[in-house]
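FYI, our numbering numbers position 126 of the sequence shown as 129, with every residue one higher than the one before it.
Worth flagging that the hints you see were computed from the coordinates, not collected in a lab.
Keep in mind it's a predicted model, so treat the numbers as computed, not measured.
Treat the hints loosely; a few may be bogus.
As the list claims (entries may be wrong) - Below 25 Å or equal to it, Euclidean Cα-Cα: the simulated BS3-like pairs (lysine-lysine) are:
(1) Lys148 x Lys86
(2) Lys148 x Lys59
(3) Lys59 x Lys86
Stated by the list, open to error - Quick list of simulated restraints, FRET-style, between CB atoms:
(4) Lys59 x Ala30: 26 to 32 Å
(5) Arg47 x Gly104: 24 to 30 Å
(6) Glu155 x Leu79: 36 to 42 Å
(7) Pro39 x Gln99: 32 to 38 Å
(8) Glu27 x Leu71: 18 to 24 Å
(9) Pro39 x Gly81: 22 to 28 Å
(10) Gln99 x Ile160: 20 to 26 Å
(11) Asn57 x Pro82: 18 to 24 Å
(12) Glu162 x Leu34: 29 to 35 Å
(13) Arg108 x Asn70: 21 to 27 Å
(14) Asn70 x Glu27: 30 to 36 Å
(15) His83 x Ile31: 38 to 44 Å
(16) Ala30 x Glu144: 31 to 37 Å
Glycine included, every Cβ here is placed at the ideal spot set by N, Cα and C.
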Amino acid sequence: MRVLTRTCLLALLGVSSLPGFAAEEPAIVELRVLAPDIAHRIVRAAVEDCARRNYKVSASVVDRNGNLSAFLRDPLSGPHTIKISQRKAFTAATTQRPTSGLLSRTDLSFAPDMLLIVGAVPISFNGHFYGGVAVSGATPEVDEKCAQAGIEAVSEIMEFVE
C-alpha cells in the first residue's frame with residue numbers, strides 16, 4: 004500500500020511539473036469577442052460609407068476564427084458580394100493582416116475559404132485582436148476604405164474598453 008501511495012505521489016508531482024500543468028500557467032485562456040452591437044455598427048458604417056461614395060456593397064464582420072458575427076447588404080448590391088465579403092473578412096481575420104498586404108502570398112490562394120482580394124482589414128483595438136471586416140461591391144481599394152471606415156465608426160467606443 005505504501006509503495007502504491009508513493010508511486011502515485013511521485014507520478015502526481017511529475018505530471019504537475021510539466022509545462023501544461025505548471026502552477027504559473029493559467030488553466031484557461033480568455034478571448035475577447037466583439038459584442039453583437041459593435042459588430043453590427045461596423046458593418047452598418049462600412050455600407051453607409053460606400054453608399055456615400057455611390058457604391059452598393061455587402062459588408063461582413065467575422066470573429067478571430069473567421070466565423071460570421073455581423074453582415075449587412077445593400078439591397079441593390081450584387082449577389083456575389085455576399086460570399087466575397089465573408090471570404091475576404093475570413094482571410095483578414097485568420098492572417099491578422101489586411102488583404103491588400105497579402106496579394107503576393109500565392110501560397111495562401113490554395114487555403115480553404117481564403118480570398119486574396121483587396122478590401123478587408125483585421126479588427127484590433129488597444130492591442131487586442133477581435134477579427135476582420137470586409138466589403139465587396141466597390142473597387143477593391145474603395146472596399147478597403149469602407150471597411151476601415153467601419154472600424155473607425157466604433158473606435159471611440161472601443162478606446163475605453165479595457
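Any hints from earlier that this structure breaks? Give me their numbers in increasing order, please.
4, 6, 7, 8, 12, 16
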